[in-house]
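Colleague: Sequence:
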Amino acid sequence: MTYLVTGATGFIGGRLARRLLAAGHRVRVLARRPPAAAPLEAAGARVFRGDLTRPETLRPAMEGVDGVFHVAAWYAVGVPAAAAEPTNVQGTRHVLDTALALGVPKVVYTSTIAVYGDTRGRLVDESYFYDGRRLGWASAYDRTKWTAHYEVARPLAEAGLPLVTVLPGLVYGPGDRSPIGDLLRRLVCGRALAVPAETVYCWSHVDDVAQAHWLAMARGHPGEEYIVAGEPRSLVAVLRQARRWIGSSSRILPLPNAALRLLSRLVRPFDAWLPPVYTSEGLRAAAASYTADHAKARAELGYAPRPLREGLPPTLEALRDETRCATG
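To get the numbering used here, take the position in the sequence shown, counting from 1, and add 38.
None of these hints come from the bench; they were simulated from the model. Keep in mind the model is a prediction, meaning the values are calculated, not measured. Incorrect hints may appear among the rest.
Label-pair distances were calculated between CB atoms; the ranges are [claimed, not checked]:
{"no.": "1", "residue 1": "Ala232", "residue 2": "Gly261", "range": "28 to 34 angstroms"}
{"no.": "2", "residue 1": "Leu161", "residue 2": "Arg344", "range": "33 to 39 angstroms"}
{"no.": "3", "residue 1": "Gln279", "residue 2": "Arg160", "range": "33 to 39 angstroms"}
{"no.": "4", "residue 1": "Ala80", "residue 2": "Arg158", "range": "22 to 28 angstroms"}
{"no.": "5", "residue 1": "Ala120", "residue 2": "Ala74", "range": "43 to 49 angstroms"}
{"no.": "6", "residue 1": "Gly159", "residue 2": "Asp220", "range": "45 to 51 angstroms"}
{"no.": "7", "residue 1": "Gln279", "residue 2": "Ala80", "range": "18 to 24 angstroms"}
{"no.": "8", "residue 1": "Asp104", "residue 2": "Leu291", "range": "29 to 35 angstroms"}
{"no.": "9", "residue 1": "Pro352", "residue 2": "Asp220", "range": "15 to 21 angstroms"}
{"no.": "10", "residue 1": "Ala121", "residue 2": "Tyr166", "range": "45 to 51 angstroms"}
{"no.": "11", "residue 1": "Pro118", "residue 2": "Ala74", "range": "18 to 24 angstroms"}
{"no.": "12", "residue 1": "Gly340", "residue 2": "Arg192", "range": "34 to 40 angstroms"}
{"no.": "13", "residue 1": "Arg160", "residue 2": "Arg344", "range": "22 to 28 angstroms"}
For glycine and all other residues, C-beta sits at the position ideal for the given N, C-alpha and C.
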């Protein structure tokens, strides 16, 4: 089978592309900068130059495929978000519109449980709806992924696109360059960590999330959405356990979430001069919990994420191997 993967130079998409290649499938990769996809090309993927914001560049990569995995997204917190809307909303529209026009047999779209907003630790399921337009969002990422999910992907599925949507939670693993990956690197290096006391995430290893994408393609029902998150654990609890597993001397300083929300409003006038994590958006996002129940994906797809006790220790070892810790 032949599959197109967008976002294959990223964390989840790269794992997915390699998994497909290892299974003997033909893989096409869409890349704005083809040299960035050179390792995948060396592994057997066919690289197409393309840009989600330029729909005319998508068709050559998509013609004749058996399926499309649209994984690519803009993700950042506390930084200028000019690229968020063109990539996450319009880019998704361009990919899905092209797939519909070409009659692609099946499409898997990577959404996020962030579309459910700050759940405050409640385990919601696929039937839950967060009214972001009335209640607001923690970040530009949350806002644009919500818009793509509810105002692009769902309407196109209703229009006949054979679309399966997967919604990961917090994704961790070796090679993670997200804020959580940076936090784990700081822990590995023994740095003091000031973190929100009540924030809860659903933790999934990147390889399990990549496998969930394949399961969605192979077994998912068009028009359905599947939460592919992991076990819910507070950030503080995970960091404390990780510290024991890795033997780190890192001090963990829990900060009240209510204080972070208040501070986020107070620092807004100074955002332009603050590091991303300390901006109003950075603090607001840090105080948000994202939790959801993956029971449907377990029952219908066979999704079985590994527990943290199996996935996090080797991740910490890998991060320690790839991290140069400053001394002194």
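Colleague: Does each hint hold? Answer for all of them.
Modeller: Verification of the supplied hints:
For Ala232 paired with Gly261, a C-beta distance near 44 angstroms fails the hint of 28 to 34 angstroms. Hint check: Leu161 to Arg344, Cβ distance near 19 angstroms, so the stated range 33 to 39 angstroms is violated. For the pair Gln279 and Arg160, the supplied restraint of 33 to 39 angstroms is violated, since their beta-carbon distance comes to about 23 angstroms. The hint said 22 to 28 angstroms for the Cβ distance between Ala80 and Arg158, and at roughly 46 angstroms that hint is violated.
For the hinted restraint 43 to 49 angstroms between Ala120 and Ala74, the CB-CB distance of approximately 21 angstroms leaves it violated. In this structure the hint that Gly159 and Asp220 lie 45 to 51 angstroms apart at CB is violated, the actual value being about 24 angstroms. At about 37 angstroms, the CB distance of Gln279 to Ala80 disagrees with the hint of 18 to 24 angstroms. Taken as a hint, the range 29 to 35 angstroms is violated for the pair Asp104 and Leu291, whose Cβ atoms sit roughly 50 angstroms apart.
Our hint of 15 to 21 angstroms for Pro352 and Asp220 holds, since their Cβ atoms are close to 18 angstroms apart. Between Ala121 and Tyr166 the beta carbons are some 28 angstroms apart, a value that contradicts the proposed interval 45 to 51 angstroms. The hinted window of 18 to 24 angstroms between Pro118 and Ala74 holds, with their beta carbons roughly 22 angstroms apart. Between Gly340 and Arg192 the beta carbons are some 24 angstroms apart, a value that contradicts the proposed interval 34 to 40 angstroms.
Checked against the hint of 22 to 28 angstroms, the C-beta distance between Arg160 and Arg344 comes to roughly 24 angstroms, which is consistent with it.
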